[in-house]
Structures are given as structure tokens and as C-alpha cells.
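Protein chains: 2
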Amino acid sequence: MFVQRTLRQAIKAQSAFSSPSLNAARILSSRFYSTQLAPLDASKLKVNASKNKKPLQDNSQLVFGKTFTDNMLVVEWDATKGWGTPEIKEYNNLSLDPSAVVFHYSFECFEGMKAYKDKDGKTRLFRPDMNMKRFNRSAQRIALPGFESEELTKLIGEFLKVDDRWIPKGRGYSLYLRPTMIGTQASLGVGASNKAMIFLIASPVGPYFPSGFAAVNLLATSEKVRAWPGGTGDAKIGGNYAPCVRPQLEANKEGFQQNLWLFGPEHQVTEVGTMNCFVFWKNENGGKFLFKIHYNGHDIHVPLDPSDKTSQAGKLTKRINDTIMDIQYGDIEGPKGWSVVV
Amino acid sequence: MFVQRTLRQAIKAQSAFSSPSLNAARILSSRFYSTQLAPLDASKLKVNASKNKKPLQDNSQLVFGKTFTDNMLVVEWDATKGWGTPEIKEYNNLSLDPSAVVFHYSFECFEGMKAYKDKDGKTRLFRPDMNMKRFNRSAQRIALPGFESEELTKLIGEFLKVDDRWIPKGRGYSLYLRPTMIGTQASLGVGASNKAMIFLIASPVGPYFPSGFAAVNLLATSEKVRAWPGGTGDAKIGGNYAPCVRPQLEANKEGFQQNLWLFGPEHQVTEVGTMNCFVFWKNENGGKFLFKIHYNGHDIHVPLDPSDKTSQAGKLTKRINDTIMDIQYGDIEGPKGWSVVV
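Chains A and B supply the protein sequences, listed in that same order.
For the first sequence, the numbering used here assigns the number 131 to the initial residue and increments by one for each residue that follows.
For the second sequence, the numbering used here assigns the number 131 to the initial residue and increments by one for each residue that follows.
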């Protein structure tokens, strides 16, 4: 017997899963697994915090993602039961079967978010709902389970209370949070993982680049392609990252800090290495030129503010950056719901 | 100062790394790390085999990649020292820092190869040099270290001696070998991993599909794209796999076993889910039609041999399959160097 549904119908059914909403997550779980799965529930949290207090580093010594706090957050998922008991426990190695699918088929996705100390000593998150939305969408793209966004945000809040002393004070400094989901099924057949784990680790950080808030040189890269239609560029999954490292090393050797990723015969811009890329398009003659994009053998100069020797940014860039930081550190009120005090 | 080398030169320098040869591996290691790195050396092998002998399964009970042998092979790499001491030891969990880059950025690649028992009880590998060549190429694509192919083949031979009792006898049965390389640096900055590990695990297997050697139904898939120009389709890296699972689940729900992956406006065929895809192109009217590719709402039927009720294959497919298996199991001599008796 042949199934007579059209490819169009198949695609329609498939795109129902592409919604980042919790409903889609539930549909995914219930369709592929069971209908009676435990949701992620922050009220079940067990806190077994570390008794060891590692020494803190001075802000000036912080290197991105090298030092981690005393504890981590872990919660496991099973296809027959759903989400288990969340636990905050001492930061420690993960012990996994060597056949776990995370090692072979890249069942892994993550978020990068930060906790900021405001002038009153309160801890703030910046738009965590958006992180949770993307985290769910990324997980679903690779058939990992959905989860209740608000519950994970609550768990992150509890984690921040436990490791509060690790949140650096001072503008430009924050506690970087890395919620990660991995597939842990111990089996080499390629299919949806019947076991998964969310873990969260946290690292006190300053600016990502040791050079601080400064202009960077970009190498326009078209031979290697990072994102493509029908691909995974819209999901924050591990598989998007490792293939970009060789091109980045090559860019570095040529004197550029990052790649400007291009796609297709029109060389459309998809993104820039490790940072966001905003384009303000205006037909004008700008001021002096201080940094460059290197494209097709030519340097394209982007105007910076010549009066600002420190930050090496254009006026608009600086205004955007300052305003976002003002909101992140609670110096001004941002749009409703952007700042979450935990 | 601006670097004035052209993008063309940059790309030329980069493609020097794309060669799968050992030289390229050495160049990669020496350029990015140090020039005095220890090569992979099978003569350093330490064997600490498990004292526990797990019970063997009957051939009829084997499920692909579910059961593993008593031991595993592990060798670690460090950017400042090169390859360490290879060890065969009891199959056991890997213990890794939760910030290890394999969990976040998919620094992982692998091979799938098999050990066969011939009629004299000898163990044979089928073209292991080709596996090693691709394994090196995959590792280099994601800035993991190169290694000496012949040395890893020797280590696999030693591993097979230790776990010899696990190699199933009988045509269609074999010991599946999974050499895997992962990046183990404990740091969240995106860059080349300064630590890595090759591990090999092994699983006794029968045919990949429980249905045995039988025709499958394919769903032609163009909305999601598995391989693309400038991408990673030519490397056997983890990141290629997880994104294919949702489309595969969708295909399964529609009654198809696998996806036939298409690319671009011309719908060029790139590959088929978990299997090799050979096309024999001939303008002819074949015999009866027994299975199908479902493309764009229509079923495309591929002729099978109506006289063969068991294998459901065309005559050419069966001839190719039988000949390859004859060589793999040592029943006939293949081209020089294809079979390696370990």
C-alpha cells in the first residue's frame, strides 16, 4: 500500500512543528513519544549546593568562558516520563556513555544570556523570554524535547540566587549563562534521542574581545557557507559552529578578526562570526574611515566617529550600544518585559 | 596597517588544508599549534583489557549500535604535546567537563566501518585506508587534529584481537566499528579545540534495517536541505546528522523509510538518509515496479526483479551487493589492498 498524501501535505505537517511555541513542543513530544509526559516544573527543584567556595577572580582577569561558578543546574528528560527533577549541584564533569548521541550526531543546542547587577545590587536578566523561545525552537529543529519556558527562567533565577557572589559588578561585566540541551541516548542508530538533559553552567565575563569595545576587521567569506535556505542557520545548534572555526582561523591569519558570512551568487550577507550584525543603510558621505570589510580582494571602509579615540564606533552604533546597556544594567527602563529582576 | 592579500590568496591558502593527506594534517597542526607534536604511534599502545566478559548475543537478537563489546580504544591529543598514549581499556563512560566544546559547538566527527570473519576465521577490514582518509579530512574540516592513518589502522587491529570473540560469524553479520574524534577543551570561546580525543567503540551487528536486505520507500525532500555548496556535506561530522532527524521522522509518518535529499532549484540529488545511493542510468523499459520514490506529489517507481521475492532488488543491485560482500567476507579476492587481514 502506498501512502497517497502529497509532499505539500507532508511539508505542511512538518511546518506545524516549526512554531517555537510551547504547544508545538508538546505536540512534538506527544506525537513522537507519549502523551503523558511530565512537564518541566521549577517547583520540584532540589538544591544541593557545593560546599566548596572557589576563589573569585578580579574583573580585569576575566576571560570569556574559562572560569565557572561553584554550581550547575541539571535536569534530565526521558521519552517515556518527560522532565525529571531539576537539581542545582556542584559544578562537575558529565559522565556519559561513549555511544551517547551527543558525541556522534550533534544532538546539542544552547543559549547565551547574561545576568547583570544593577546599581541597587539586584540581579537582572535581559529578555530571557526570547532566549527561551529560541532555545525551544533550536531543540525542536533537532528532535530534542520542548520545555516550559517560564519554568526554566524560574530555575535560572534560583541558580542565580545560589551563585549570586559570582555575578561581577561594574558596567561591561556580567555572569554569562550557558543553558545547553544534549541528547544522551546510548545508541548509534540515527533517530530521535529518547533521553536528553538540560544543563546550565555560568561564567563571569567582561567584554568578549580582549580589545574591549573596539572596531573589528571583517573578511567577507563566500567559498565556505555558514547558513543556507532549508538549513539550520535559524537554530542555535552546535553543528553550526565547528565548521566555522577553520575559516575563522584563516581570517585571523590574514589579519581579520571575524568572517562576514555570505551566501549565494548575489553574495547576500547572512551573519558575522561571533557577533550581531546591524546595518544602517543611508546614502551619504560619512566622516573618516577607520576599519574595513575585505571583500573580493578590495577593502570596504565603514565610517567611524573620528572624535572618539576609545570606542572606535560610529555615533549610531555607540547610541545603540549605550542604550541597550542602560537597559541591561537597569539605569533606564526599557520596553515592558525586557528586564526581568530575579 | 591593512593586510593587502586578496581573498583569492586567502582561499588558496585555505584550500591547501582541504587535502586529506597526512601532510595536510601535519601542516594544520604545525601552523595552528606547535611544530614539535608527537605523532599517533601504535607501538605505544597500553592494553588494560576488561576482566568482565559480558554475555554475547545471538545473531538474531542484534540491533544496530545497541550492544557494545567489553573494551574501547582511547587516545588523547593536546595542542602542546600531540598524541598521547593509546589505550585499550574497559568500555566505560566518558567523564568530561560540561564546558567541553564537544557539547556546545559540535567538535565531533566519526567513521563507520566493519570487521568481518572470513571462512578461515580470520578478521578482515574492508578498505580501512579510505575510512582513515575521510576521518582525517573530516577532522580537519572542523579544526581537530590530523593523525597517522596507518597507526590508527594498526590500533584497530589490536583492538580486534582483544575483542575477537565479539565479531559475529555468518554472512550479513559483522562487528561495527565506530572511531570517533571529539574536541575536549573546557572553554566556551569559539575557536580551535586545544584538546581532543579519539575513541573507538564496537557493536556486533546484522543488517542495518530490521527488514533485512529489502527495497525501501524514499521521500524526495527539498524544503530541508542536508548538503549545500560551501558546506560540510563532504565531511563525516556530527553536525550533519541531528538536523536530518525531524525530516526523517516526518518521512516515516508518511510511510517512507528514508529521505532522498535534494538541493537547489534543479532538485539535484545529494544523498539518501542512512545509505549509499548509486544511480545506474539507462534509457529502457524495465520489468515490474515494486517500490517507489515519492517526489513532488507523485510516486516514481524504480524497477525491481519480479522473480526475486526475497531480496526485492534489481539484478544489478544484487550483483553489486553480492560482489562487495564476497570481497568483504574474503570469498573472492577484491582489487589489491581492499581487504586487510588484521
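Simulated from the structure, these hints should not be mistaken for lab results.
Possibly wrong hints are sitting among the right ones.
Identical chains share a label here; the pair holds if one copy fits it or two copies do between them.
[Unchecked claim] In the BS3-like style, the derived pairs of lysine-lysine whose C-alpha atoms are separated by at most 30 angstroms in a straight line are:
1) K219 / K325
2) K291 / K448
3) K366 / K383
4) K219 / K422
5) K196 / K466
6) K325 / K196
7) K291 / K422
8) K252 / K422
9) K383 / K174
10) K263 / K183
11) K299 / K211
12) K325 / K244
13) K445 / K183
14) K211 / K247
15) K383 / K211
16) K366 / K325
ask   = How would you classify K219 and K325 at a CA-CA limit of 30 angstroms: within, between, both, or neither?
value = Classified as both: same-chain Cα gap 20 angstroms, cross-chain 26 angstroms, threshold 30 angstroms.
request  = Please work out whether the CA atoms of K445 and K183 approach to 30 angstroms or closer within one copy, between two copies, in both situations, or in neither?
outcome  = Neither. Shortest intra-copy (43 angstroms) and inter-copy (70 angstroms) distances fail the 30 angstroms Cα cut-off.
query = Given a CA cutoff of 30 angstroms, do K299 and K211 count as a within-copy pair, a between-copy pair, both, or neither?
reply = neither (41 angstroms within a copy, 38 angstroms between copies)
query = Between the shortest in-copy and the shortest cross-copy C-alpha distance, which are at most 30 angstroms for K325 and K196: within, between, both, or neither?
reply = both (28 angstroms within a copy, 14 angstroms between copies)
ask   = For K383 vs K174, is the C-alpha pair at or below 30 angstroms within one copy, between two copies, both, or neither?
value = Answer is neither: 50 angstroms inside a copy and 35 angstroms across each miss the 30 angstroms cutoff.
key: Same-copy or cross-copy closeness of K366 to K383 [CA-CA at most 30 angstroms]   = both (27 angstroms within a copy, 26 angstroms between copies)
key: K219 and K422: within-copy, between-copy, both or neither at 30 angstroms Cα   = So K219 and K422 fail the 30 angstroms test inside a copy (46 angstroms) and across (53 angstroms) alike.
query = 30 angstroms Cα cut-off: does K252 pair with K422 within a copy, between copies, both or neither?
reply = So K252 and K422 fail the 30 angstroms test inside a copy (40 angstroms) and across (62 angstroms) alike.
ask   = Is it within, between, both or neither when you check K291 against K422 at 30 angstroms Cα-Cα?
value = neither (43 angstroms within a copy, 58 angstroms between copies)
task = Since the copies are identical, ignore which copy is meant and state whether K366 and K325 lie within 30 angstroms (CA to CA) inside a copy, between copies, both or neither.
result = Result: close both inside a copy and across copies, 20 angstroms intra and 24 angstroms inter.
task = Tell me, please, which holds for K211 and K247 at an alpha-carbon limit of 30 angstroms: within, between, both or neither?
result = neither (38 angstroms within a copy, 41 angstroms between copies)
task = Have a look at K263 and K183 and pick one of within, between, both or neither, based on CA distance no larger than 30 angstroms.
result = neither (33 angstroms within a copy, 47 angstroms between copies)
In summary, the structure is inconsistent with hints 2, 4, 5, 7, 8, 9, 10, 11, 13 and 14 from the numbered list given earlier, while agreeing with the others.
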